[in-house]
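Enquirer: Below, each chain spelled out in residue letters.
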Amino acid sequence: MKNKTKFSYEPSEHEAEKASNSYLMSLIAIVAGLPLPIINLIATLAFYLGNRKATYFVRWHCTQSLLSQFSLFFINSCSFWWTISIIFTDATITNKYIGYLVAAVIFNLAEFIATIYTAIQTRKGIHVEWWFYGNLTNLICKS
Amino acid sequence: MVVLWQSHKLNLQILIMKKTIIQGLLITAIFFATWFVLAKVEWISIFKVQKVSDKTEEKLGELFWEIFLKSEREVKNPFIVNSVDSIVTKICSKNKISRWLIKIHLIYKEDINAFALPNGHLVVYSGLILNSENPEELSGIISHEIAHIQLNHVMKKLIKEIGLTMLISMTTGNGGSEIIKETAKMLSSSAFDRSLEKEADMKAVEYLINSKVNPEPFANFLYKLSDLEDPTTKYLSWLRTHPDSKERAEYIIEYSRYKKLTFESILSKETWDKLKNKLKD
Numbered sequence: 001m002k003n004k005t006k007f008s009y010e011p012s013e014h015e016a017e018k019a020s021n022s023y024l025m026s027l028i029a030i031v032a033g034l035p036l037p038i039i040n041l042i043a044t045l046a047f048y049l050g051n052r053k054a055t056y057f058v059r060w061h062c063t064q065s066l067l068s069q070f071s072l073f074f075i076n077s078c079s080f081w082w083t084i085s086i087i088f089t090d091a092t093i094t095n096k097y098i099g100y101l102v103a104a105v106i107f108n109l110a111e112f113i114a115t116i117y118t119a120i121q122t123r124k125g126i127h128v129e130w131w132f133y134g135n136l137t138n139l140i141c142k143s
Numbered sequence: 001m002v003v004l005w006q007s008h009k010l011n012l013q014i015l016i017m018k019k020t021i022i023q024g025l026l027i028t029a030i031f032f033a034t035w036f037v038l039a040k041v042e043w044i045s046i047f048k049v050q051k052v053s054d055k056t057e058e059k060l061g062e063l064f065w066e067i068f069l070k071s072e073r074e075v076k077n078p079f080i081v082n083s084v085d086s087i088v089t090k091i092c093s094k095n096k097i098s099r100w101l102i103k104i105h106l107i108y109k110e111d112i113n114a115f116a117l118p119n120g121h122l123v124v125y126s127g128l129i130l131n132s133e134n135p136e137e138l139s140g141i142i143s144h145e146i147a148h149i150q151l152n153h154v155m156k157k158l159i160k161e162i163g164l165t166m167l168i169s170m171t172t173g174n175g176g177s178e179i180i181k182e183t184a185k186m187l188s189s190s191a192f193d194r195s196l197e198k199e200a201d202m203k204a205v206e207y208l209i210n211s212k213v214n215p216e217p218f219a220n221f222l223y224k225l226s227d228l229e230d231p232t233t234k235y236l237s238w239l240r241t242h243p244d245s246k247e248r249a250e251y252i253i254e255y256s257r258y259k260k261l262t263f264e265s266i267l268s269k270e271t272w273d274k275l276k277n278k279l280k281d
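Just so you know, the protein sequences line up as chains E and H, in that order.
Positions 1 to 143 (the numbering used here) are the ones given, in order, by the first sequence.
Positions 1 to 281 (the numbering used here) are the ones given, in order, by the second sequence.
No lab work stands behind these hints, which were simulated from the structure alone.
Keep in mind it's a predicted model, so treat the numbers as computed, not measured.
A hint or two may mislead.
Here are the computed lysine-lysine pairs in the BS3-like style, where the Cα-Cα straight-line distance is at most 27 Å [claimed, not checked]:
| # | chain 1 | residue 1 | chain 2 | residue 2 |
| --- | --- | --- | --- | --- |
| 1 | E | Lys142 | H | Lys9 |
| 2 | E | Lys96 | H | Lys198 |
| 3 | E | Lys53 | H | Lys40 |
| 4 | H | Lys109 | E | Lys96 |
| 5 | H | Lys160 | E | Lys96 |
| 6 | H | Lys276 | H | Lys70 |
| 7 | H | Lys55 | E | Lys96 |
| 8 | H | Lys40 | E | Lys96 |
| 9 | E | Lys96 | H | Lys96 |
| 10 | H | Lys156 | H | Lys181 |
Throw the hints in and build the complete structure from the sequences for me.
Expert: Here it is as structure tokens:
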């Protein structure tokens, strides 16, 4: 699901560190954002906005990490509100609900692993494009 | 040359966009497929969620019924019990409901009331039977309460009103007898949500039609109750706990209007009259 490709230029040590930080930011935010999914989106968005004027390599990776947070945000929000409805309304625990939670955990875990891997690679200055998110970032983020 | 290069760049952009859209759709499809497959797994039985709640429900049913048994007098006359039992049996058998799930209890009380307790306990007051004009009216109310049981409304209501933790602590003997008494009283004297009542009404009409019992008397019964001058009179518990009876009577009639219907008598007139006479004695 990940592609190591050549970036249009060789990123400097400083750029690699900043780009790697964007993934670390989302990683920390995933942990904090598990009970409240909006937190990781806000944290990544804040980091993205802070690096809007950074170099292309840094912006590119901030965008990829932000976009990947969006899908998780929707998945986790559904889990969150579904759970709330079970606690506070007539809704009951069903196979569908537990199935959804397990699917959400699998996707969160996949994202978590991918994020760690990308953070390490980016720190080394290696450009990693995720499947789907990489293309989407290419469309959004212009040099 | 520049134009050619720009057009090539545009084509490339479109290609990437198409690829991205396909990948986006694919990733969404993968998520839903994963969910779909995982939803097929019997998680409830794996985690024993149902088992825990079934046991809790069983215990709660016993607890609440004991409360009523202590304070009220149960009808023991075999003729009365068997007659009402035959109504319940017919409704159950025609609607593929396990008969043993419904535990019917008759109580001597002037209140026009019937209510469901956890674990399929169905309590009917003698006042309700005496104020029903025919067995079809009584069958309607019984069907309505069976629908509450079958649709798991009782436990839903209890969990919403007092919470699962409290319910479980009741069953383990830590709930306090006052709270148990109050909860039992709440079940017998307060309504379900409007949406749950409507759902139970619709299900009751279905039960009646499947049992070849005319649902119209059930609607008439509701109309009759709502037409009484003083609906707050102390004997009209079922009306107080089931508001908007007129509206409900109307949608019951409306719902059953378009069904292909043939009806039979659920209890002979002779049995019905004898049942009422025996209850009056």
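Enquirer: Evaluate each hint against the coordinates.
Expert: A quick look at each hint next to the structure:
Between Lys142(E) and Lys9(H) the alpha-carbon distance is near 13 Å, which keeps this suggested pair within the 27 Å criterion. Taking the CA atoms of Lys96(E) and Lys198(H), the gap is about 25 Å. The hint holds against a cut of 27 Å. For a cut-off of 27 Å, the pair hint linking Lys53(E) to Lys40(H) is broken: about 48 Å separates their Cα positions. Using a Cα cut-off of 27 Å, the hinted pair Lys109(H) and Lys96(E) is violated, with the two alpha carbons roughly 44 Å apart.
A hinted pair counts as satisfied when its Cα atoms are at most 27 Å apart, and Lys160(H) with Lys96(E) qualifies at roughly 21 Å. Between Lys276(H) and Lys70(H), the direct Cα distance comes to roughly 25 Å. Compliance with the 27 Å bound is thereby established for this hinted pair. Our distance criterion of 27 Å between C-alpha atoms is met by Lys55(H) and Lys96(E), whose separation comes to about 22 Å. Among the hinted pairs, Lys40(H) with Lys96(E) is consistent with the structure: their alpha-carbon atoms are about 8 Å apart, no more than 27 Å.
With a C-alpha separation of about 25 Å, the suggested pairing of Lys96(E) with Lys96(H) holds against the 27 Å cut-off. Between Lys156(H) and Lys181(H) the CA atoms are separated by roughly 19 Å; this keeps the pair inside 27 Å, and the hint holds.
Hint compliance for this structure: hints 3 and 4 are not met, and every other hint is.
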